[in-house]
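*Asks:* Sequence:
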Amino acid sequence: MRMAQPQAVQITPPTIRVSFSPFTYNSHTMRLPAHSKIAFLLLSLWILQISCVGDSIEKDEQRQLPNIVFIFSDDLSFRDLSAYGQQNYETPHLDALIRQSTRFTQAYAGAPECAPSRGTLLTGMHVGHSPIRLNSSARGFEYLPDSAYTFAEMLQEAGYATAVVGKWGLGYKDTPGQPLNQGFDYHFGYLTHYEAHSYFPWVLYENNEEVPYSANKGMDIQPLYDKERSSDRTTYESFYDEAGKLVYMNMNQAIYAPDVLDEKASEFIAAHQDEPFFLYYTANLPHGPPIVDDFRQLADRKDMDIVSREWGGMVQRLDQSVGTIINQLKATGQYENTLILFASDNGYAMHNPAKDANGRRVWPDDEDLQNKGPFKGGKFSVWEGGMRIPFTIHLPGQKETQVISQPVWLLDIFPTLAAVTHEEVPESLDGYNLLSLIAGESAAIPQDRIFYFYKQNEQAIRQGPWYAIREHPEAPIHLFLLEEDQTSTVDLTEIYPDVSANLTAILDTIHEPHQWYWNPGDNQERFKAKQAEAIQLGQYIKRYRPNGLEKMPWERK
1 MRMAQPQAVQ
11 ITPPTIRVSF
21 SPFTYNSHTM
31 RLPAHSKIAF
41 LLLSLWILQI
51 SCVGDSIEKD
61 EQRQLPNIVF
71 IFSDDLSFRD
81 LSAYGQQNYE
91 TPHLDALIRQ
101 STRFTQAYAG
111 APECAPSRGT
121 LLTGMHVGHS
131 PIRLNSSARG
141 FEYLPDSAYT
151 FAEMLQEAGY
161 ATAVVGKWGL
171 GYKDTPGQPL
181 NQGFDYHFGY
191 LTHYEAHSYF
201 PWVLYENNEE
211 VPYSANKGMD
221 IQPLYDKERS
231 SDRTTYESFY
241 DEAGKLVYMN
251 MNQAIYAPDV
261 LDEKASEFIA
271 AHQDEPFFLY
281 YTANLPHGPP
291 IVDDFRQLAD
301 RKDMDIVSRE
311 WGGMVQRLDQ
321 SVGTIINQLK
331 ATGQYENTLI
341 LFASDNGYAM
351 HNPAKDANGR
361 RVWPDDEDLQ
371 NKGPFKGGKF
381 SVWEGGMRIP
391 FTIHLPGQKE
401 TQVISQPVWL
411 LDIFPTLAAV
421 THEEVPESLD
431 GYNLLSLIAG
441 ESAAIPQDRI
451 FYFYKQNEQA
461 IRQGPWYAIR
471 EHPEAPIHLF
481 LLEEDQTSTV
491 DLTEIYPDVS
501 ANLTAILDTI
511 HEPHQWYWNP
521 GDNQERFKAK
531 QAEAIQLGQY
541 IKRYRPNGLE
551 KMPWERK
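With our numbering applied, the sequence shown corresponds to residues 1 to 557, in that order.
Source of the hints: derived by calculation from the structure; they are not laboratory data.
Warning: the hint list may mix true and false statements.
To be verified - Below, a list of computed lysine to aspartate or glutamate pairs in the EDC-like style, where the Cα atoms sit at most 16 Å apart:
| no. | residue 1 | residue 2 |
| --- | --- | --- |
| 1 | Lys173 | Glu209 |
| 2 | Lys173 | Glu206 |
| 3 | Lys264 | Glu209 |
| 4 | Lys245 | Glu206 |
| 5 | Lys355 | Asp365 |
| 6 | Lys399 | Asp300 |
| 7 | Lys264 | Glu228 |
| 8 | Lys551 | Asp274 |
| 9 | Lys330 | Asp274 |
| 10 | Lys302 | Asp241 |
| 11 | Lys399 | Asp185 |
| 12 | Lys264 | Asp185 |
| 13 | Lys302 | Glu242 |
| 14 | Lys227 | Glu242 |
| 15 | Lys173 | Asp146 |
| 16 | Lys542 | Glu525 |
| 17 | Lys542 | Asp174 |
| 18 | Lys302 | Asp220 |
| 19 | Lys302 | Glu237 |
| 20 | Lys245 | Asp294 |
| 21 | Lys302 | Asp368 |
| 22 | Lys330 | Glu267 |
| 23 | Lys173 | Glu210 |
| 24 | Lys173 | Asp185 |
| 25 | Lys227 | Asp305 |
| 26 | Lys551 | Asp220 |
| 27 | Lys302 | Glu367 |
Kindly produce the complete structure, drawing on both the sequences and the hints.
*Replies:* Dropping the structure here:
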C-alpha cells in the first residue's frame, strides 16, 4: 500500500489562531479574547509539539504521545444531550466534556447506518470505495478484509496499546475482520450488530473467547421489539417499579452490559497508564430495542410514553459511562494528557420511518423528547438527517470552548490521529487533518472537498455550501443550500443548473461497483442473483442474533 505523509499542521506561535471561550467569528477563524491567553498558550505549545513534521519518534519518547479515547455512541439523536438542546433531562458529564472541547456544528458520519459508518471511520475511505458500504451485502454482514488498513493499526505501529470495548460490528471471531486482526490488542464486548441489540446478553466476547452470562438466560428480548411496534404500551409499564427501576430482570443477579463495559474500559486505562494508549469505547447506547436499568431523571415523568422515558434513561446511562471514563483518566493522572473524541455513528434513529399522505418516508420526531433536530430524514437514508451527528474533540489540557462551523466528517479522524502521532497514512484517505481547523487554519482544508453518501439506490453529496441528493441514478437530483435551509425544503436545482450538472456528474462516477453490495442502480432481481451466487460459492456469512432469537422481527415477514 502506498503511503504518504500526513497533512500535518506546521505551526509557529505567531500564526496560531485558537480560541476557547466567547470569540469574534470571521470566516471560520477565531480571534483570541484577552482572558484566554494562558489557556491559548498552553494549547498552542501542545499543538506545536504534536503537529510539526519531524523524524520518527524513538521508543523512549513514546510516553510523550497523548493518550487517545474515542467515545462512540450508537444511534444518538442530535438533540439527545442537554448540551445540544434536550430539555427533559440533563447529561452533566458530556456537557462538561463538550464545554472543554472543540464542537463541530456541521459534522457528518460516513454513512447513515452502523456498519458502514464504523468501516469508513476506521479506514478513512468513503462508501463509494471502502470495504464496508452498507449494513449487509448479498453475502450477509461483511467483515473488514485483511487488506484493510485501519487507524488502529497505525496507532499500534506508533507504539500505542489499543483496545476496543463495546460494539465492534465489523467481523465475527472466525473472520479476518475480528478486532485483533484490525489493529486492536484487546477487545471486550459484542462482535456483531444484532448481538448488540441486547443489554442483557447471553454471551459477550473477550479477545475472541466467549464470555457466557448464565444469569441472563431468562431474558426474553422479543417483548422489547413488540413494545416498539405496539400502539398501546401501557402493559409494558410493569417492566419498571414506581421508582423507575427495572424489574423485568432481577438486577441483583442479571449482568447489565453497560456496567461490564465500563469496568473493562476502566481496567484498560489503569493497566496502560505508563504507556500511550488508545481506547475505542463503542457503547451500544441508546440503540434499541429500548430497555434501561433506571429512568433516572425521568422516573416521575409518567406523562411520557414509556419508550421516551427508556430512551432518555439510556442517554443518561451513556452519560454515566462518560463520567466513569473521565473519572478514571483523572484518577490515574492521565486526563491532562488525553485527547478525547465523542461522536454518534449516524443520524436520528429513535423512531423508524413512516409514510406520509403522499407515500413518502418521514422520520417522526419523538413527541416527548423532541430530539430529532431540524434535519430532513434519518437513519437508513442519505437525506441529511441520516448522517448529521454531534461531534467534539477535547485536546489535552483544553479548558474552554471552541466552535467550528466548517463541514467535517468522521473520515477526518484517521488523518487527524496520523498528525497527532507523526505516522504516515494511505494516499486513499478521504479525510483531512482537523488540527488545521482547530488551529484556525480553515484554508488548509479545501472548501470544495466532497462528502459522498449512499444507501442502495439513494446517493447524496455535500460540496461546500451545496447538498445534492437523488433517489436513483436515473432520477434527477434535488439541490439545497444547507446554511440557508436546514430542513432541505427549497429545491434550487432549476435556479443553479450548472451546479446541479456538476454534482450530477460527480455522482455518476464516484461510486466503484462492488461484487456483493447493492450498487446504485441495482434492483431486487439483480440483488437476489448475487445472493444466489454467494450461496452457490459457499460465501454466505452466518448471522448471529441476540439472546437465542432464530430470526429478527423484520426477517420473519
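*Asks:* Okay, which hints does this one fail, numbers in order?
*Replies:* Violated: hints 4, 6, 7, 8, 11, 14, 16, 18.
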